[in-house]
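> Spelled out from the first residue to the last, the chains are:
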Amino acid sequence: MAKRIEVSDLNIYYGDFLAVEGVNVAIEPRSITALIGPSGCGKSTFLRSLNRMHEVIPGARVEGKVVMDGQDLYGADVDPVDVRRHVGMVFQRPNPFPTMSIYENVLAGNRLNSRRMKKSEADDVVERSLRGANLWNEVKDRLDRPGSGLSGGQQQRLCIARAIAVEPDVLLMDEPCSALDPISTLAIEDLMTELKDRFTIVIVTHNMQQAARVSESTGFFNLNGVGQPGRLIEFNPTEKIFSNPDQKATEDYISGRFG
Amino acid sequence: MSTDTRPAAPAPVPPSRPVRVERRLPRLAPLGLYLAGLALGAGVSALTGSGLASTVVYGVVLGTLAVYLAARSVEGRRKATDRLVTCLVTTAFALAMVPLVSLVWTVLGNGLARFDATFFTNSMFRVVGEGGGAYHAILGTLVITALATAISVPIGLMTAVYLVEYATGRLKRAITFFVDVMTGIPSIVAGLFAFALFTLLFGNDVRLGVMGAVALSVLMIPVVVRSCEEVLKLVPNELREASLALGVPKWRTIVKVVLPTAIAGLGTGVTLAVARVVGETAPLLVTVGLITGTNLDPFDGRMATLPVFAYYQLTQPGTDTQAFLDRAWTAALVLIILVMALNVVARLISRLLAPKTGR
Amino acid sequence: MTATKAPSEPRSQRAVRRPGDRIFAGSAKASGIFILLVLAGVAAFLVSEAVPALTAPAEDVPGGEGLGAYVAPLVLGTLLGAVLALLVATPLAVGIALYTTYYAPRRVATGMGYVIDLLAAIPSVVYGFWGLAVLAPALVPLHVWAADTLGFLPFFAGPASTSGRTMLTVGLVLAVMILPIISAISREVFSQAPALHREAALALGATRWEMIRMAVLPYGKSGVIGGAMLGLGRALGETMAVAIVLSGGAGATLNLISSSNPSTIASNIALRFPEATGLGINTLIASGLVLFVITLAVNMLARWIVNRRADFSGAN
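In the order they appear, the protein sequences are chains Z, G and E.
Throughout the first sequence, residue numbering follows this note's numbering, covering 41 to 299 in sequence.
Throughout the second sequence, residue numbering follows this note's numbering, covering 462 to 820 in sequence.
Throughout the third sequence, residue numbering follows this note's numbering, covering 114 to 429 in sequence.
This is chain Z alone, in the form it adopts within the complex (with noise of 0.2 angstroms):
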């Protein structure tokens, strides 16, 4: 469970575009670590780096290492998919399965793959995710209704549970209030902070408000221009990116929208 991820000179391509260059980041376990940046400077091509999710799209490839607890994710042998079941991913938008109920979403990561289990066994481990994902109370009198049925924080949260539900060892998250409204966004927020003792979670967010009430360390991403890639600026504990940060660009894109 939760484990730490070691990044070095990552260099993120799309053909032969460089999206993300020399990327260097140690991301600590049990912990909330996020990346805010302008749009378009490559967090979350970086966040779905951490999980070989961009390989989804034709021409994408990485150069550098990311190593978590002592395996390079990037190794010759190393089959994506195994990647994408120890590093879970939560998007932007709640994207519930529509042929599946609420309690076949939550099993989703092990029905599809065919794992045999019992139903008492199932029960479990649906009641833990969604108690996890602080959704039980709501939905444990209708699982066998459909997942889009739910509100939209709701969904969100059962991805959420969807996604824990294959025990990973680290959870990306992309912007995954940015479709949601405050008080939903509150309930996640509170729901993060209880799942970091239990695993790594890294987050993109575009808001800065958010980053500063959640997370231990932040990752700032700046690009010079459009068609340059996009570099990790300052990587920092929270409080010091948002008081003192040690580069003026930091200062500048969190002054210029930050209060």
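The hints are simulated quantities; they were obtained by calculation from the structure and are not laboratory data.
Ideal placement from N, C-alpha and C gives every residue a C-beta, glycine not left out.
A couple of the hints might just be wrong.
As the list claims (entries may be wrong) - Here are the in silico distance ranges between beta carbons for each label pair:
{"#": "1", "chain 1": "E", "residue 1": "P175", "chain 2": "G", "residue 2": "V522", "range": "45 to 51 angstroms"}
{"#": "2", "chain 1": "E", "residue 1": "L414", "chain 2": "G", "residue 2": "W566", "range": "34 to 40 angstroms"}
{"#": "3", "chain 1": "G", "residue 1": "R587", "chain 2": "E", "residue 2": "I146", "range": "34 to 40 angstroms"}
Fit chains G and E to the known structure of chain Z by using the hints.
Just chains G and E now, kept in the frame of chain Z:
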């Protein structure tokens, strides 16, 4: 822009007027005029003693003219043109309804005579005059169509999956283009292809049910590919990502998430493809032939199929001509019912299998 | 594996792939390639079965004057019927498409589109029945009238057929059959005409027709042309309706209304194939090859026109 910054002399402001009130025909006037024209046309053709066709032609021309002239005199040239086009466009639609209604009416009128139990339970074995039926042909059509579906759906669906989920670059463009081209293969050419293929394999004069199924597959595969491709494209990428991010391999993602999400559209597309080939006659004529008895083994000699049965009943009537014609029309009626039923089923599938939102 | 790799060479493309993934992706790709092979096979087998007719001495080919003389009137008949159908169907189809997209009340428009689509669902053999039993007799007066008043044109030279089983009737049956294809594609492109342009035209005070002329027709033009070409392709290859309605088999003539008409390639195959033997079969297959080439050319042109529009329409 010029650099002249001198303030221009204020243009004389025209006294503000309310929007000019346009002269318009009353709402129902065009319709009334059109109907009056129709009636006049009917009167004229009645006086000259012509048939129904000329009544309609005179009526439409006079009705359109009446509307145009009235609009021209009251509303002006532009509005009149607009009304003229409205008349023409509506007439075009009504005109297209004529053959449909006439066709359905004729087939019903002629086909109901033999729409009886004998038709559905008897074959033509040793029938030379009255009686007999299309039992053998209906079953033959079902067998061959089912076989064609069994060939086409896996190939078509997998090709659609390939195009949507995997293919890139030149091969994708080539397949897309040639699938489009294949939709245009004349059905008789598909039949000749199956004939040539099996002739090379098994020698001359071979006629098998499976040849017909192959010929129908050539016609059916591109339809299946196109409709499945369209449906698979509609599955949101987010669902694929959600599944992949759970550590599900891509092929399981496709089989267990993408295809079930699209199942309604896929079912509809396949059913419509079946509907398209079930009435095909020409390819079966040259590959399967026709027999009078019941043969349900597509790998053993000629079979009877409903469209070919209908065709021969009409074009090669025996001694009792009327009996053959009656059977032909009933076969045509059954064909139409079959196709319409498949269309209805397709619609039902898309309604019943669509993902429920549960809200 | 070479030691010197170009830096831009994709590295992680060689990622580990599961057997399941490899099998599934492989069979999907195989299906796609199989379709290409089928199309190539259609061409190859037709050619191989047509070769005996191509190489046979002229007097052995049915008709006794060689393959060219055998096929030429059929090609003429095929083109004549299809072009006639196209000329009748295209304006009607455009009218129908405009009616269902911009004139019909919104609530019933989709239902009307569905009704038109039903025309496409009716099997061609049934169209043949209808053409023979209803349309042909109904058109006899038209034939007489055309021979009387338009007789100076080669198309209507007469003498008028008394059965109505003429190229004119065939053209009209084919027109009904291709109507839904053309109108479906036209409907699609018309409904995709940019709302911005349409509203701009209306805001300038244009009437509905002026709006359609300014904003819809220019946008949909190539779509209509492409749809018409697809309809042409269908009409060229249509078999059963022609075989049933047309009393064909006479030599090459442009006369649309007399009782001696050239047959079409497809209907000629359908009529002669069941009884053909030996070189007769090869000759028919050779004529089928000609039909295949003609429709292939027409369809490729049509697809090219339709797809060219799709490329710059930005409708994705």
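> With reference to the structure, classify each hint as holding or not holding.
Hint by hint, here is what the structure shows:
no.: 1; hint: P175(E) to V522(G): 45 to 51 angstroms; verdict: 48 angstroms, holds
no.: 2; hint: L414(E) to W566(G): 34 to 40 angstroms; verdict: 38 angstroms, holds
no.: 3; hint: R587(G) to I146(E): 34 to 40 angstroms; verdict: 49 angstroms, violated
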